[in-house]
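Q: Construct all of the structure, not just a fragment, from the sequences and the given hints.
There are 2 protein chains.
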Amino acid sequence: MLHGMRIELITTGTELLLGQVMNSHPGYLSGRLEAMGLSLARQTSVPDGREAIREVLRESWGRSDLLLVTGGLGPTSDDVTREVVAEFLGKPLEYQAEIHERILAYFQRRNLTPPEMVKVQAMVPRGMEVLPNDHGTAPGLLWEEKGKMLVLLPGPPRELAPMYESSVEPRLRATARSAVGTRILRVHGQGESFVQERCEEELRAMGVTQIGYCARPGEVDLRLKSGDGVLLERAVTRVREILGEAVYAEGGETMEEVVVGLARARGIKLATAESCTGGLVASRLTDVPGASEVLLGGWVTYSNEAKVRELGVKEESLRKYGAVSAAVAAEMAEGARKKAGADWAVSVTGIAGPGGGTPGKPVGLVYLGVAGSEGVETIEKKLVPERKTFKAMASQSALDLLRKKIQKGAHPFSKTEV
Amino acid sequence: MLHGMRIELITTGTELLLGQVMNSHPGYLSGRLEAMGLSLARQTSVPDGREAIREVLRESWGRSDLLLVTGGLGPTSDDVTREVVAEFLGKPLEYQAEIHERILAYFQRRNLTPPEMVKVQAMVPRGMEVLPNDHGTAPGLLWEEKGKMLVLLPGPPRELAPMYESSVEPRLRATARSAVGTRILRVHGQGESFVQERCEEELRAMGVTQIGYCARPGEVDLRLKSGDGVLLERAVTRVREILGEAVYAEGGETMEEVVVGLARARGIKLATAESCTGGLVASRLTDVPGASEVLLGGWVTYSNEAKVRELGVKEESLRKYGAVSAAVAAEMAEGARKKAGADWAVSVTGIAGPGGGTPGKPVGLVYLGVAGSEGVETIEKKLVPERKTFKAMASQSALDLLRKKIQKGAHPFSKTEV
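Quick mapping for you: the protein sequence lines, in order, are chains R and D. Residue numbers for the first sequence follow our numbering, so the first one is 1 and each next one is one higher. Residue numbers for the second sequence follow our numbering, so the first one is 1 and each next one is one higher.
Please keep in mind that the hints were generated in silico from the structure rather than gathered at the bench. There may be inaccurate statements among the hints.
Which copy is meant is left open, because identical chains are indistinguishable; a pair holds if it fits in one copy or across any two.
Claimed, not checked - Within a straight-line C-alpha distance of at most 16 Å, the following computed EDC-like cross-link-like pairs (lysine to aspartate or glutamate) qualify:
#	residue 1	residue 2
1	Lys-388	Glu-257
2	Lys-119	Glu-197
3	Lys-338	Glu-305
4	Lys-388	Asp-287
Values in this document were obtained by computation on a predicted structure and should not be read as measured data.
A: Here it is, written out as structure tokens:
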């Protein structure tokens, strides 16, 4: 039944269409489905409101085998999904004391007084199955009819994710095929045209027919799809041969996961010295569970004084070359490595903008340094002159420097010689 | 024409439905529209593919006054939007040498050799207006017909945003009404039920009919909408009276923008000392242009050794209370303030998980400290035991501590007395 199943997702919530919040549900749910060899055919966002939800429900339910609907199950006045679905399916809403008790217990556990209005969350369209919510108050709801399934999930991601994984995914897993079919190679430092020119002709000649690209600033994902697992494996191997160490990860793995994984496996300790990225490199490393085994510490040295005082950058280097220079990047990395007692330390100094640029040193210019036992290397890059994109790209390049050093097994021999 | 205009957004791209990338277009574009008093009635994502794009184009174009379509204008084989739209409008694709030259010049400026395939981006459906792309190769395309407008924009956010702002928004602005109508109040440290119970009855009695809530971990946005500007202003004033300093911002302003704005205005200098947030507090501050006037520096002291060596945390405090304790949070904040010579320093130490929790100190426990000239205060919080949510909430609470201190005008008198 599920193979070739058409799946749609409706995300409800006025805030999703107001520029207020990022809608993380499509990414999360499609990722889970994709891992099972299923895919999302369409995702639609509509504002809170009876008419908008009714309209999209009617359109999508007709053509879907599985329809996921998120949001609008809360206790406040703008939460109307429960009611609209009851009306759409022609089922009266019925009070379920058991749900109400579970919600009251949820408040009790946190020493909070439940507001009266939570009672509405105990109303269930007759015959719908209730999915327990272990991380909030609104239960999910599920309806099956003629081999089709309609699932209502709460809007907050930290309630939705565990509910989906414990109550919805197991039902799909029972009949879904295993996840052969798609491989994604993540490539740093190359554009999509370059990757296509280098790889696509050969991949097509091998018989890979579905090839996709997703470009981000400074990198690209190459996506290969095929029903033939052996062919797919050969294709991945060939791409890795062609692109070499530019391929930094596969699938959904992030650069920081790769770096922390490699460092943990090899017992390598790291430190960071950041100016323009302002702590983002360290923060990304610490997004990864287990980072505490790897990251000894980091410095955010935004001012010149901090660079000198904390990392031992020379006053003379600052005077002669400026804070944004290869010399200062090198001294920052060496200082951080020495002070932290790390195997490798990475540094970033650049001009994030919007202010601070000059003709000789424009916004977007950055110097990166990486220090190990055998010395220090620096590189210069010209990145996108938009503050947040710049920070993201600079932090990615810094992590990539660490990755290449650790991957090459260029083992630092001593921690104290610098 | 534009008032009451129905606007839809179609975002194309298989990667948006694969859990690979976050779709930032709906948030960005709806935010821009909302600021002009316009709103997005619906957003739909479909994978790359002729049939999927054709189908949604047919549905949406029929009922929209303005239809925005993103993605699929690139040079690679999976970029088919241009062709599908040409076919949909019944226009042949025509080569425009001028566009091709502009693309070649774009590569030349970056000392890159243009791949042959970029030529496809110079193909234009006959009669469509070309929107120049100053940040990439794919031009945008625009079609007007019977008071309706269809706009194709490139997928990469850093190409889309400047194109939208320079070529699309001015056309809308000419006829759109000014941005009265919606006010959003951002509330830290309260749940949505609490905010509704405290405010909604009174707001409804005042005559505010459209009230919405958007809950995030540890905070909530309260959204008020009305055609009556005076009423709306009164309502906002009343909510601020009821909720007091829990209201930290209005509209799309972020906590870090509030903190940097306040500190700049008052000439206050800041420092950070982070353990479990790993640099996220500093990184968020440095997301804001002008942060360099405010942030002197920051420490990521993940290990106990770094806490002692860099910030002067006492060995005895670590032994007696542990790294996750009020005593250590206080010493971290005081150490950072003193070393950086800052007016206020904030510290964070906690257990982000998934490992490291004990019955007495569970995952999610965090201590925050804020040090000024008159001493140091600490608070204990129990946050969500999921690593990234925990980091986001802990960093938000740390920034909120700084905000309250700066807002209260609790001016530190000396920088050296600690």
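Q: Under the constraints set out in the numbered hints, which ones does this structure not fulfil?
A: none
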